[in-house]
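The listed protein sequences correspond, in order, to chains U and D. For the first sequence, the positions run 1 to 405 when our numbering is used. For the second sequence, the positions run 1001 to 1405 when our numbering is used.
Hints were generated in silico from the structure; no laboratory data involved. Note that CB positions come from ideal geometry on N, CA and C, so glycine has one too. Wrong hints could be hidden among the right ones.
Unchecked claim - Listed next, the in silico EDC-like pairs over lysine to aspartate or glutamate satisfying Cα-Cα at most 16 Å (straight line):
1. Lys123(U) <-> Asp1054(D)
2. Lys1123(D) <-> Glu1198(D)
3. Lys1384(D) <-> Asp121(U)
4. Lys384(U) <-> Asp1121(D)
Stated by the list, open to error - Stretch-level coverage of chain D by chain U, calculated; a stretch enters the list once three of its residues show a Cβ under 8 Å from a Cβ in chain U:
5. 1305 to 1317
6. 1341 to 1348
7. 1353 to 1367
Number of protein chains: 2
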Amino acid sequence: MKARMFRSAVKVFFVLLLVVLSLPLQSSADERRWGTASLVVVIERQAGSVLVIDSSRHELLGRISGLGNLTHATVKFSPDARYAFVIGREGEVSKIDLLTLKLVKKVNAGKLSVGGVISQDGKYVALSNYVPGEVRILDADTLELVKTIPALYVDASGKDGKELSSRVVGLVDAPGNLLVFSLMDANSIWVVDAGKKEFPVIHKFTDVGKTPYDALISPDGRYYLAGFLGSNWMGLLDMWRLERVAPILADQGKGPEVPLWKIPHLKGWALTGRLAFLPALKREVALVYSTLDWTPLAPIPISGTALYTVARPDGRQVWVDIIGKNGDLVDVIDVDSMKVVKTLNPGPGATHPQFTPKGEAAYVSLMDGGKVVVYDTATFKVLKEFPADHPSGIFFANRAHKFGM
Amino acid sequence: MKARMFRSAVKVFFVLLLVVLSLPLQSSADERRWGTASLVVVIERQAGSVLVIDSSRHELLGRISGLGNLTHATVKFSPDARYAFVIGREGEVSKIDLLTLKLVKKVNAGKLSVGGVISQDGKYVALSNYVPGEVRILDADTLELVKTIPALYVDASGKDGKELSSRVVGLVDAPGNLLVFSLMDANSIWVVDAGKKEFPVIHKFTDVGKTPYDALISPDGRYYLAGFLGSNWMGLLDMWRLERVAPILADQGKGPEVPLWKIPHLKGWALTGRLAFLPALKREVALVYSTLDWTPLAPIPISGTALYTVARPDGRQVWVDIIGKNGDLVDVIDVDSMKVVKTLNPGPGATHPQFTPKGEAAYVSLMDGGKVVVYDTATFKVLKEFPADHPSGIFFANRAHKFGM
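Could you put together the complete structure from these sequences and hints?
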């Protein structure tokens, strides 16, 4: 009898213990809450993982691993910035809950993918695939396949009018819940209405330029701008009119002999309202254009060859990521004087400068230096460093509210 | 003995019951999580409460009450959009946790206040007070007083050089962690460095125009634009140079006889990059200016007198809130054709149109219609209605990342 009572008492004790132990866990979960609007996701490309950082306090929240091949990975955000979608080179899409830091679901949505985008209404994740050549559209809630749009074209030089498949690049979302993308092998730009159930291709612009390799959309979503490997111009599509792809910037493209790794990523261009800052192929300058009429302005000498030119959100500074010679450096251009006013030396493989939403701080990855460095953009002081495993791309959650991002 | 065992068993049962009951509560708490980047806070002015809505799913999350006098209240957000700061007319500042929907703290920071702003670095809440005439700066974490900047000036016409106190208006944050505001009774604009411990006034521009009553800062944070009750122009301060307040828009101000309630709030202006859309005093048009050189363009006829002109984030549409005659209506201007392409009739007291971050939907308050109506901005269909008690101002959390908002 005493033994029984003892067992009962022991049971009560353990149950109470469980309850008590669960309390501090719950309260620490409370303390670890955060808003999602200014989170940062940093790609650790070799490890196949990402870091999640709270940029409002420059505080590391955690790491999510097992995301596959993250070479050239990109990150997209749901409109509420609760979820990040990490899109890998081999078409892996990993949906991460930024409140719990858990991998919600991972699917494979292609063999070789070069990017993706969230539709304006937030309902879909769309992938631009090289292989198979297509746009693949997933439900953003479930990651289930909703639609495949094969990038098929008839080769003009072909004798038998056989349909061929094109690699897809430069996929962006646009106002009106549209998706816009370029067909690399078909010299075409297509526009899809993602607000309609069948995702119809509502416009096909052909012969826009030879071998489009990348594109961007202006921050206001009005202009789609495509780069061509084999044509001596860029293509500009006015999304308000959807009439034609007009050639601009005729001194840009340098012909098909340009090695692929040197092609400036158009998403690395900086558009600051009235000015565009561009990396220049093989030249140690930042190119500058007026966005009012795309006339060239005086190029700005920099410390080497630029990979990315990134504007601070207020447009007063442009940070330039140097590659090759002086690859450890980042130049800061003052847009008022149009000169480099500061050269930072973050360290080995410094790349991908990105700004907090209001631009008071900048994050830079050291791919070969094992950390992410945070700068105060007014004083250029280092505010913080985060250890990281070969960090590359840095993605702020306010991209959720930007077209094409 | 049996009774004891029974009591022990009962204890175990109840403890287990507690544990079991707590499980669904925890999991329902999980289900009720949300990202904060696209939340909306709607002021219920008479009830002294706010609604919190998740605009990514158009879903009501809850109501927070007991916030004081919310006539002309404004809402500011922390950079991570975890917290909303509701600032009332009588200087009440209520800090709301948007994850738990709880009032964290409420303080009184003035007797009569006309607005506030979060500093660029997110550390401070600053209030522009009429009474006492000052800028009051609170710690954003604790809402404790950090600094008071009295708006004192020497009346030029005064014989004895006595210091007087001015009402403060048009307070905004600006790049470089600056605060800019206007002294209504001193015809001055002051600039404060909020990055320095003492919050020094680093610039005082005097004789800028008679009786500044409101101001705005351009979305890129470069231009501070002040309106004057007693001068026939607007004042433009280039924040990159901080040299002078230049007169522009000489046909704007209509003299001191204009009744205060008809003054267009400058924060209701729409700046779409190259164009500015303005409400016109007593005229049934929207005024249009080029923001490149502030030259006037052709005004656009509308259904009545505008209170707010609000641009869709992509700049393709401007929604115009009509007051007085036809006060139930909202006009939609198509910026490509510069014409009203749709007149909506949301209902009694329709006001304060505001857009989701990417502009696919618009929220409109019916102050006298007891609801908030959500429109699809492409089809103009009503997507959803939320019952609300005399709703007025609508504040999207992506303001966290906009200067002066």
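Please work out if lysine 1123(D) and glutamate 1198(D) have their alpha carbons no farther apart than 16 Å. Measuring from Cα to Cα gives roughly 14 Å; hence the hint holds.
Verdict on chain U covering the region 1353 to 1367 of chain D, where coverage means 3 or more residues with a C-beta closer than 8 Å: Three-residue rule met by the region 1353 to 1367 of chain D, so holds; n is 5.
Quick one, are lysine 123(U) and aspartate 1054(D) close enough, alpha carbons at most 16 Å? Distance of about 15 Å is within 16 Å: holds.
Measure nothing beyond the straight line between the CA atoms of lysine 384(U) and aspartate 1121(D); if it is 16 Å or shorter, mark the hint as holding. Roughly 15 Å separates the two Cα atoms, so the pair holds.
Within the region 1341 to 1348 of chain D, is the number of residues with a Cβ closer than 8 Å to a Cβ of chain U three or more? Per the Cβ count (0), the hint is violated.
Per-stretch coverage check for the region 1305 to 1317 of chain D, three Cβ contacts closer than 8 Å to chain U: As far as the region 1305 to 1317 of chain D goes, the hint holds, because 5 residues have Cβ atoms under 8 Å from chain U.
Given the hinted pair lysine 1384(D) and aspartate 121(U), is their Cα-Cα distance within 16 Å? holds (15 Å)
This entry does not satisfy hint 6, going by the numbered hints stated previously; all others are met.
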